[in-house]
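One point on numbering: in my numbering, the residue at position 476 of the sequence shown is 476, and numbering is uninterrupted.
Think of the hints as simulated: they come from the structure by calculation, not from any bench.
Here are the in silico distance ranges between beta carbons for each label pair:
{"hint": "1", "residue 1": "GLY444", "residue 2": "GLN383", "range": "23 to 33 Å"}
{"hint": "2", "residue 1": "ASP178", "residue 2": "THR227", "range": "14 to 24 Å"}
{"hint": "3", "residue 1": "ASN84", "residue 2": "ASN148", "range": "25 to 35 Å"}
Calculated lysine-lysine pairs in the DSBU-like style (CA-CA distance at most 30 Å, straight line):
{"hint": "4", "residue 1": "LYS397", "residue 2": "LYS428"}
{"hint": "5", "residue 1": "LYS465", "residue 2": "LYS154"}
{"hint": "6", "residue 1": "LYS106", "residue 2": "LYS154"}
{"hint": "7", "residue 1": "LYS465", "residue 2": "LYS428"}
{"hint": "8", "residue 1": "LYS316", "residue 2": "LYS428"}
{"hint": "9", "residue 1": "LYS364", "residue 2": "LYS428"}
{"hint": "10", "residue 1": "LYS428", "residue 2": "LYS318"}
{"hint": "11", "residue 1": "LYS106", "residue 2": "LYS250"}
{"hint": "12", "residue 1": "LYS397", "residue 2": "LYS364"}
{"hint": "13", "residue 1": "LYS397", "residue 2": "LYS465"}
Backbone N, C-alpha and C define an ideal beta-carbon position, used for all residues, glycine too.
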Amino acid sequence: MKKLFLYTTLIAGLLSSCDLDINDDPNYPGNEDVTPDLIFPAVEGSIAAAVGGDIHNYAGFFAQYYDQKPESNQYNDLAQYLFNESSQVLDYSYRIMYAGALMDAKEVLDNSENEADRFATTVLRAYGLQVMVDNTNETPYTEALLGNENPNPKWDNGEDVYRGVLAEMDEAESQLTDNSAMGSEDLVFDQNLTQWRGFANALRLRMYLRFIDANIDRDEFISRAQTLVQNNEFFTGDAAFSGFSNETDKRNPWYETNAVGLTGNHCAAYPIISYLQSTGDARISYAFDVATESNTYVGQIPGGKTRSQEINSDWKNKNVSAFNYTHSDNSGATQPVYFFTQAELQFLIAEVQLRFNNNEAAAKAAYERGVAHDFEVRDMAGQEDNILSLWDTASDKLELIYMQKWVALFCMDHMEAWSEIRRTDCPKLTTASQEDLFENNTTGYNPGDLIEPWTNGLQGGGLIKRMNYPQSARLHNTNTPAAVPGSTPVWWDIK
Numbered sequence: 001m002k003k004l005f006l007y008t009t010l011i012a013g014l015l016s017s018c019d020l021d022i023n024d025d026p027n028y029p030g031n032e033d034v035t036p037d038l039i040f041p042a043v044e045g046s047i048a049a050a051v052g053g054d055i056h057n058y059a060g061f062f063a064q065y066y067d068q069k070p071e072s073n074q075y076n077d078l079a080q081y082l083f084n085e086s087s088q089v090l091d092y093s094y095r096i097m098y099a100g101a102l103m104d105a106k107e108v109l110d111n112s113e114n115e116a117d118r119f120a121t122t123v124l125r126a127y128g129l130q131v132m133v134d135n136t137n138e139t140p141y142t143e144a145l146l147g148n149e150n151p152n153p154k155w156d157n158g159e160d161v162y163r164g165v166l167a168e169m170d171e172a173e174s175q176l177t178d179n180s181a182m183g184s185e186d187l188v189f190d191q192n193l194t195q196w197r198g199f200a201n202a203l204r205l206r207m208y209l210r211f212i213d214a215n216i217d218r219d220e221f222i223s224r225a226q227t228l229v230q231n232n233e234f235f236t237g238d239a240a241f242s243g244f245s246n247e248t249d250k251r252n253p254w255y256e257t258n259a260v261g262l263t264g265n266h267c268a269a270y271p272i273i274s275y276l277q278s279t280g281d282a283r284i285s286y287a288f289d290v291a292t293e294s295n296t297y298v299g300q301i302p303g304g305k306t307r308s309q310e311i312n313s314d315w316k317n318k319n320v321s322a323f324n325y326t327h328s329d330n331s332g333a334t335q336p337v338y339f340f341t342q343a344e345l346q347f348l349i350a351e352v353q354l355r356f357n358n359n360e361a362a363a364k365a366a367y368e369r370g371v372a373h374d375f376e377v378r379d380m381a382g383q384e385d386n387i388l389s390l391w392d393t394a395s396d397k398l399e400l401i402y403m404q405k406w407v408a409l410f411c412m413d414h415m416e417a418w419s420e421i422r423r424t425d426c427p428k429l430t431t432a433s434q435e436d437l438f439e440n441n442t443t444g445y446n447p448g449d450l451i452e453p454w455t456n457g458l459q460g461g462g463l464i465k466r467m468n469y470p471q472s473a474r475l476h477n478t479n480t481p482a483a484v485p486g487s488t489p490v491w492w493d494i495k
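Work out the full structure, taking the sequences as your base and the hints as a guide.
As structure tokens, this is what we get:
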């Protein structure tokens, strides 16, 4: 009953937008009766509100899973990269991450005497900071969360933050003993310390691969990744904040905003539809409806709503596949917020086995586990055989791993999809023109290739590489870095 009360309170408070000062904690009321073990689930809930809400939304546009519906307007600027700091796209997530999750994590780390709780909190802190780095590259770290002692913390370089949180996890794990046990309420792994260790290892693997592809201490991080894969001490199932219910302010945050709070704004994007069709993938029906005009699946050119209507004045909602917020398994309202999916983990393992261990058989086995898990979690088990069979005929098996990871992250973890696109350069960016594709001339286009937004507000064109710094940070922190164009890669995206 206590856990249900905590959960209900968290969801009602965290999934509603609010204006926060990042020197204040929205979840910790200053009551000495609220002990660290009761603060811990607030850390989890704040992260879920950020990663599963606004971040999930804009990253889905950047990963080219969906686009702005022709007859709606809520996300025109996201689809067309026509936003800047004053648009405040990242502001709420930044505030809830720092004033909520990271501030509450500091309360636990400063006051808890339970080494297992401190370790799990450190893992959550590492995850939250990884997400912020992957958005803006620099983020407050070494001087952050000091309140009035330092109201203008510096923004640390992303590489330094990655190294810092990796060291923090190592130190916290070294404090564990055979008798360590969590005392905090836990809405992710239900106090299973083995699962928290496995989550930490998965985060390490994710970050190691980014060091490798940034060509930073490459040999060292390849060795670390190989050791993690050899030891195979990862979490089972998914690392996810779950337990949502289909009631007001208790639903999945992205669903609450887009399926309940707004009229439907999302339609399928051309790249994901083209790839799912080319591979005969049953997952095309998971969150897309057929276009009513053609009774087929149709994706819109990314950032293409306006240009499509200029060419065809009758370009309407009927012409494209609407996003089905409920999903084929009716899980939309109650879908967990995924911090790390098992499918992503298996595809990362497959990558290490193929790239660095030269073990194609082990890579295939991990690939198959990743595909099978994704179909299972979507309640589509038994429909994956043709996707499994792609391995034997693939001319570029690493590209297949990357492409299937992109598919598996759809509706599950859009932030990681966007990050992995930037790290791997897969799906590739097509050279085919948007107008040709709109008029069904697919010469030079490979199914799944990303497409530069047809209307593109990004200086210099191309795909977006980072988010703007939050305007609220600029207003309150004089050390917020000068604005950087969205075409500037984060530290690990050097290709």
